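Peer 1: For reference, the chains in residue letters:
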Amino acid sequence: MTVAELAAGCGFEVLCLPEPEREVDGVYIGDLLSWVMGRARQDNAWITIMSNVNVIAVGTLSDVSCILFAEGVLPEADIIETAKAKGVNLLVTPMPAYEAAIKLHEAL
Amino acid sequence: MSEELVFRYDVNGDDFTSAGQASVQVKRNLRQLGLDSDTIRRVSIAMYEGEINMVIHAGGGVAEVRVSEDCITIVLTDKGPGIKDIEKAMQEGYSTAPDEIRSLGFGAGMGLPNMKRHTDSIEIDSVLGVGTTITMKVNLG
Ligand SMILES: Nc1ncnc2c1ncn2[C@@H]1O[C@H](COP(=O)(O)OP(=O)(O)OP(=O)(O)O)[C@@H](O)[C@H]1O
Ligand SMILES: [Mg+2]
Numbered sequence: 001m002t003v004a005e006l007a008a009g010c011g012f013e014v015l016c017l018p019e020p021e022r023e024v025d026g027v028y029i030g031d032l033l034s035w036v037m038g039r040a041r042q043d044n045a046w047i048t049i050m051s052n053v054n055v056i057a058v059g060t061l062s063d064v065s066c067i068l069f070a071e072g073v074l075p076e077a078d079i080i081e082t083a084k085a086k087g088v089n090l091l092v093t094p095m096p097a098y099e100a101a102i103k104l105h106e107a108l
Numbered sequence: 001m002s003e004e005l006v007f008r009y010d011v012n013g014d015d016f017t018s019a020g021q022a023s024v025q026v027k028r029n030l031r032q033l034g035l036d037s038d039t040i041r042r043v044s045i046a047m048y049e050g051e052i053n054m055v056i057h058a059g060g061g062v063a064e065v066r067v068s069e070d071c072i073t074i075v076l077t078d079k080g081p082g083i084k085d086i087e088k089a090m091q092e093g094y095s096t097a098p099d100e101i102r103s104l105g106f107g108a109g110m111g112l113p114n115m116k117r118h119t120d121s122i123e124i125d126s127v128l129g130v131g132t133t134i135t136m137k138v139n140l141g
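So the sequence lines, in the order shown, correspond to chains H and G.
Per the working numbering, residue 1 is the first one in the first sequence, and the count goes up by one each step.
Per the working numbering, residue 1 is the first one in the second sequence, and the count goes up by one each step.
Keep in mind the hints are simulated off the structure, nothing from the lab.
There may be inaccurate statements among the hints.
Straight-line alpha carbon distances no greater than 20 Å define the calculated SDA-like cross-link-like pairs of lysine to any residue that follow [as the list claims (entries may be wrong)]:
#1 H/K84 / G/K116
#2 H/K86 / G/Q25
#3 G/K116 / G/S37
#4 H/K84 / H/R39
#5 H/K86 / G/K88
#6 G/K88 / G/K27
#7 G/K88 / G/D125
#8 G/K79 / G/D125
#9 H/K86 / G/K116
#10 H/K84 / G/K79
#11 H/K84 / G/K88
#12 G/K137 / G/T17
#13 H/K86 / G/T73
#14 G/K116 / H/T82
#15 G/K88 / G/K116
#16 H/K86 / G/D125
#17 H/K84 / G/R28
#18 G/K27 / H/E99
#19 G/K116 / H/Q42
#20 H/K84 / G/K137
#21 G/K27 / H/A107
#22 G/K116 / G/G93
#23 G/K27 / H/T82
#24 G/K137 / G/S18
#25 H/K86 / H/C10
#26 H/K86 / H/N44
#27 H/K86 / G/G93
#28 G/K27 / H/L108
#29 G/K116 / G/T96
#30 G/K27 / H/E13
#31 H/K86 / G/R41
Taking beta-carbon pairs under 10 Å as the criterion, some of the chain G residues facing chain H (in silico) [claimed, not checked]:
#32 T17
#33 G82
#34 K84
#35 I86
Remember, predicted model here, so these are calculated numbers, not experimental data.
From the three backbone atoms N, C-alpha and C, an ideal C-beta is built for every residue, glycine too.
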């Protein structure tokens with residue numbers, strides 16, 4: 001399933017979708033960046049409540065298919081611009097990580 | 001490719017917002033060289049952790065990435081405080097990162113273990129009060 005289909009199917013709000021056709025395979029949840037770097041797999045959807053600019057670099061380098069901000073956490077506008085430029089898909093949901101993961105599980 | 005390709009970056013020690021830039025640039029360069037995605041990913045992860053460590057713990061430094069026929073070598077050099085106990089620093093969960101850094105999501109003590117796990121070799125030369133040089137290799141093919 002692509003990130004665009006996933007966002008629509010789960011009702012996640014799109015912050016930016018520079019790579020809408022990327023395939024999503026599995027989910028990783030975490031807020032400690034080195035854990036995410038070491039453990040998230042390529043094409044995972046990454047759920048986090050961290051929203052600083054370093055998250056975008058981790059998203060780029062770990063090859064996740066999208067970053068889903070849980071709990072309605074919103075990054076600053078310039079961070080969304082950075083993500084767009086780097087080709088990192090950003091989504092947001094008011095749900096906590098657990099509920100968002102269940103949604104993803106049902107959809108994938 | 002018979003000649004070695006060398007990429008060199010200055011890693012700015014007091015700019016958190018641009019931390020990781022060198023790694024992102026290296027990833028782009030390796031993609032252009034047509035290397036496989038698993039290799040690129042391993043180099044990217046190892047280099048990012050090392051780059052961030054130079055920013056957080058050493059006030060910046062220099063990153064050099066060499067691409068030769070049979071391996072990619074990443075050399076990170078800083079003039080920071082050095083690492084007192086390397087064995088301890090290599091353990092998962094060991095971190096001296098201050099609170100304000102932890103609040104950004106760093107400080108899990110997983111960076112050096114990640115560097116080791118994603119490379120074929122890692123060598124750490126560190127002298128207290130002088131600096132640290134980390135050399136990592138990822139084999140090709
Ligand atoms: N270049 C360096 N100069 C001085 N000390 C360093 C350097 N790199 C690592 N260290 C020391 O080694 C410790 C462990 O590093 P490691 O990258 O594993 O964890 P961390 O940076 O503290 O947290 P994380 O990487 O999970 O965000 C650091 O807390 C620091 O004390
Ligand atoms: Mg680290």
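Peer 1: Now look at each hint and say whether the structure bears it out.
Peer 2: Quick rundown of the hints versus the structure:
no. : hint           : in the structure
1   : H/K84 / G/K116 : violated, 31 Å
2   : H/K86 / G/Q25  : holds, 11 Å
3   : G/K116 / G/S37 : holds, 19 Å
4   : H/K84 / H/R39  : violated, 24 Å
5   : H/K86 / G/K88  : violated, 35 Å
6   : G/K88 / G/K27  : violated, 30 Å
7   : G/K88 / G/D125 : holds, 14 Å
8   : G/K79 / G/D125 : holds, 12 Å
9   : H/K86 / G/K116 : violated, 27 Å
10  : H/K84 / G/K79  : violated, 35 Å
11  : H/K84 / G/K88  : violated, 39 Å
12  : G/K137 / G/T17 : violated, 27 Å
13  : H/K86 / G/T73  : violated, 25 Å
14  : G/K116 / H/T82 : violated, 29 Å
15  : G/K88 / G/K116 : holds, 14 Å
16  : H/K86 / G/D125 : violated, 34 Å
17  : H/K84 / G/R28  : holds, 16 Å
18  : G/K27 / H/E99  : violated, 34 Å
19  : G/K116 / H/Q42 : holds, 19 Å
20  : H/K84 / G/K137 : violated, 31 Å
21  : G/K27 / H/A107 : violated, 31 Å
22  : G/K116 / G/G93 : holds, 14 Å
23  : G/K27 / H/T82  : holds, 16 Å
24  : G/K137 / G/S18 : violated, 25 Å
25  : H/K86 / H/C10  : violated, 24 Å
26  : H/K86 / H/N44  : holds, 17 Å
27  : H/K86 / G/G93  : violated, 30 Å
28  : G/K27 / H/L108 : violated, 29 Å
29  : G/K116 / G/T96 : holds, 19 Å
30  : G/K27 / H/E13  : violated, 29 Å
31  : H/K86 / G/R41  : holds, 16 Å
32  : T17            : holds, 5 Å
33  : G82            : violated, 21 Å
34  : K84            : violated, 20 Å
35  : I86            : violated, 18 Å
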